[in-house]
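**Q** Input sequences plus hints: build the corresponding full structure.
The lines below spell out each chain.
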Amino acid sequence: MVDPIPYINLSWLVPAFPLLGFLVTGLANKHLKHNLAGIIASVMVVLSFAVSVSLFFILRSSGQEAVTVTLFNWIAIGGMNIPFAFLIDHLSLTMMLIVTGVGALIHIYSIGYMHDDERVNSFFAQMNLFTFSMLLLVMGANYLVLFIGWEGVGLCSYLLIGFWFKNPAYNYAARKAFVINRIGDLGFILGIILIFFTFKSVTFSEVFSQAASFHAGSPVITLITILLLVGAIGKSAQIPLFTWLPDAMAGPTPVSALIHAATMVTAGIYMIARSSILYNLAPITLNIIILIGLATALIAALIGLKQNDIKKVLAYSTVSQLGYMFLALGLGAYSAGVFHVTTHAFFKALLFLGAGSVIHAMGGEQDIRKMGGLRKKMPLTYFTFLTATLAISGIPPFSGFFSKDLILSKAFEHNIILYILALGGALLTCFYMFRLLFLVFFGEKRLAGAHPHESPKVMTVPLLILSALSVFGGFLNIPSLFGGDSRFSTFLQSTVQTNASEELSHSTETGLILGSLLLLALIIVYAYRLFVSKAVVPAKDGESMPLFSKLIYNKFYFDEIYTAVFEKPFGFLSDFFYHKIENTVLDPAVDSIGQVTEHAGTLLRRLQKGNMSFYLFAMVAGILLFIIFILIV
Amino acid sequence: MIVLIILLIPFITGLLLLLVRNAVAVKRAALASSVVNFLLTFSLVFTVPVSGYTANWINFLGVEFALGYDGISLVMLLLTGLLFPFIIMTGMKRDQPQVSLLYALILFTQAALIGVFLAQNAFLFYVFWELTLIPLYFILLLWGGECRRNVTFKFFIYTLTGSLFLLFGIIFLYHLTPGMHTTDFSVFSKLNIPAGTQVWLFWVLFIAFAIKMPVFPFHTWQPSTYTIAPTQGVMILAGVMTKMGIYGALRFLFPIIPLGVVYWQNTVIILSLIGVIYASVIAFRQTNIIRLIAFSSMAHISLMVAAMFVLNYYALQGLLFQVLSHGVTIVALFYIVMLIEEKTATLQLPQMGGIKLQAPNMAILFLMVVLGSVALPLTAGFVGEFLIITGLFHQSIWFALFGGITMILGAIYMLYAYQRVMLGDKKPALGTITDLSRHDYFLLIPLITIIFGLGIYPQPVFDLVEASVKSMQDLLLPLAGSLPALPQ
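Listed in order, the protein sequences are those of chains S and P.
Positions in the first sequence are counted from 1; adding 1 to them yields the numbering used here.
Positions in the second sequence are counted from 1; adding 35 to them yields the numbering used here.
Quick caveat, the hints were computed from the structure, so don't treat them as lab data.
It should be emphasised that the depicted structure is a prediction, and the values quoted were computed from it without experimental measurement.
One or more of the hints may lead you astray.
27 angstroms max Cα-Cα, derived DSSO-like pairs, lysine-lysine [unchecked claim]: (1) S:31 x P:461; (2) S:313 x S:535; (3) P:462 x S:167; (4) S:201 x P:505.
**A** Printed below as a string of structure tokens:
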């Protein structure tokens, strides 16, 4: 019997604050003036962050590694026992801190960004609801509570993508996101059910402790992990279910930062890392994850090279980075995956917020071909955007360097070809990010009539904080090569079971790092030459270009193919069922049987032309009399 | 004795209403009656032991007037008791012709439904079963929309044909009973009918229920009937009548001809799953919102039928839970559809759009009901569907997969409908649209509270039906062989 930890039972406060914020801002929607909704919503998330930090220290001082806090029995029937419970351990704390910490900054930023929107109160209500759902997702002590949060964030994503609901294209994007996520969710829920039948429980601790009795490669575990993976692929926008994420940029930019970069889309990585014990027993699934992750990382990075919408570039970059996280998971380096989730949350949130600041300044313009020269007009935005670009490109000592290097070295241990491909993706990342940076902030102003200006403090201060995190975040996990103790990975060890592998020798590692740094430097110089010195501006829409460029520019025609293969046939099938089967076969068949009786029916109808009330009265009175008669006799 | 009162209240109030001329008084009286009825029904949950009622009736046939209930009937009674106040309130602030007749008919329908759920022998069951049809037939015929004559007639004949099979089945069973013949369910269930007989008798009995639910391909009466029915009529049909089919199947098939059930098990499951997919796919391209909901309801009910036939503990629990959940959700859905029609004067989706701009609160409540319908976690729909899919999975992963596709397809057509109605830019042709009235909130908020309340805390419903589900499980356990053992 472990000792109870004081105050740990208050962990329900973490999701309770944003829920309260949602209720207040949602119900008092019409009465909250000015920035009040934004302030309430932000305060709630800050409080939530404060409680998360306290929980971190409470758990640390207790010396225990994990605590389950049960609120009530949700479903308890037969052999099925699913409590509504939270699990506070190192992994969930990490995610809670990211969600509430980065979330709070984005909420505060939104006060400035959404200032002029007439539905700003609804916006903050939905942001709080999202934060609540995301916290359920990462705090749930069993798969079903996780699933509540999982679908809850999907709903909020749907609502916020379609926030500006007058635009049918945005509504379509929102629906597309929800439906594609639901495809994944079906796999996930089937996986949960199979877990239940296999382990007689869906509670993490019980499932994982029993998993030891299964041998690696056991078919049922493989099937479970594949089903869960389907869910993760949908949520984390991996091939083949990634097409919703670029379209999701229809939502306001803070939404893209919070939901479609920092938190929700990493839920798939969280879930697989959480299930690491099961995945370690399923080598086939791990190989599938490697393939999916690598393919996604490369294809999305390639598409990112040719995008001209500032948010689309970042969206494909997110898909690509999520691919890297998947790669880490597939390699069994779960803590490396979660570490990249963490640093990515910092720099990608920063990139999106920076992009928002630019869009804000440009009066809604998102085409990078029309920007340029913003460095001088928006020095703070430029500076923070630069730090984030350096971080995502993997330049030391910025945070992305440490997390990406960890994944690359794991890839090297596994297979040299894997390493080369992953490194190639990193170089592509570096190129499209510097292309973006140079086109937006360098060179001459290209849009006449625009009067860009620096954003207000409520927006720039969050940028600066995120910038600091992007710069120094990597120090959480300094590898032994640089004299560190890999604190972050060690911290997660109690929860996430990393596949044991040989450490690279320091000399090999140094060699790899120096090699990749050299290549990165060349890429940056090349991008500078191209976009600053030669001031090349990407081709206009409709201009002819080489075949491969065209393929990339058109995103490998994924959307077109999906429309032709799934959407169109589905509509066709719907029409076919309705017009050909329902109305041509089934219904007439019944009618023809009915015609036999129709004649008799005509007679019947004639009888009913009298006084309706009277007939009814007589009928019911008769029945009643009958009943009364029985009662008396 | 309480059960007799529950049965008589709507009958007597209905009769009295026919004598009242004042429209407001009629509606208030009907509402009061239905509320009292619900409270009494609710009290049954806490009544131990079961309060039954028996009187001599048709002695020479060996038929008693026997009322009683178990956990399964109680769920049905609670659903009926719960929904009728809302169904009556739906008409509260609206001008309706022939008010006293309408509300009398509504209450008669309620009484007949209660009778079905309380009847303890097949004869009485059949009497009430047929009796539900008559007042409902008139509600559709007198207050329905365009083409109501033909459609109502088809509906009437269709269900009546099914009932004839049922009647034949009951008479057949009656003659099998030993000694002094009887139609008691308790005697029927001890008949030990030869397997060969059960195999054909299954369809004789099932067809009536299959039409009522409806199961593919016996559903063709449903979409057109829903479309012409007045809102209150369609609420009764979709909310309660469909469950009567489920109840009948549970009452007749499982205890009386279990071997027939096991024999046809996979056939019915496959038919139901075809129904799930077929209806969901069709729903997607419907332009009339009521027709869309009709097909969506058919998909949901089909999934429940599949759940019934996997003969699995979790599926049965999920089924009974879903009975409540679907009833509440569909009534809320049809109420909102009625509001939309009143405000826009159309039911055609392509003509709608942008309503949220003028009526944001209506959009939010509509969305909440839609979420219940697409089984989002923390709504009642999720709990039911999760248990049902769990049950299907136990039989076969393919059943679970095909049943689960409703999760995806449901999201496709319901969100499509929601967006077509509420979102997009304003359509000038629709004119000014007012947001919800106080009366609308009064009706919708409780329904939505139930949808979410049961999703967050479903346990009371599980406990209510636990004993009945277990006894049905025990009955089928030796037959199906595939049932999971229950932990004691």
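**Q** Take the hints in turn and mark each one as holding or not.
**A** Okay, the hints, checked on the actual structure:
1. In summary, the hint linking residue 31 (chain S) to residue 461 (chain P) is supported, as the alpha carbons are separated by about 21 angstroms, within the 27 angstroms threshold.
2. A threshold of 27 angstroms between alpha carbons decides the hint, and for residue 313 (chain S) with residue 535 (chain S) the separation of about 24 angstroms falls inside it, so the pair holds.
3. In summary, the hint linking residue 462 (chain P) to residue 167 (chain S) is supported, as the alpha carbons are separated by about 11 angstroms, within the 27 angstroms threshold.
4. For the hint linking residue 201 (chain S) to residue 505 (chain P), the alpha-carbon distance of about 19 angstroms falls within 27 angstroms, and the restraint holds.
The structure fails none of the hints (numbered hints given earlier).
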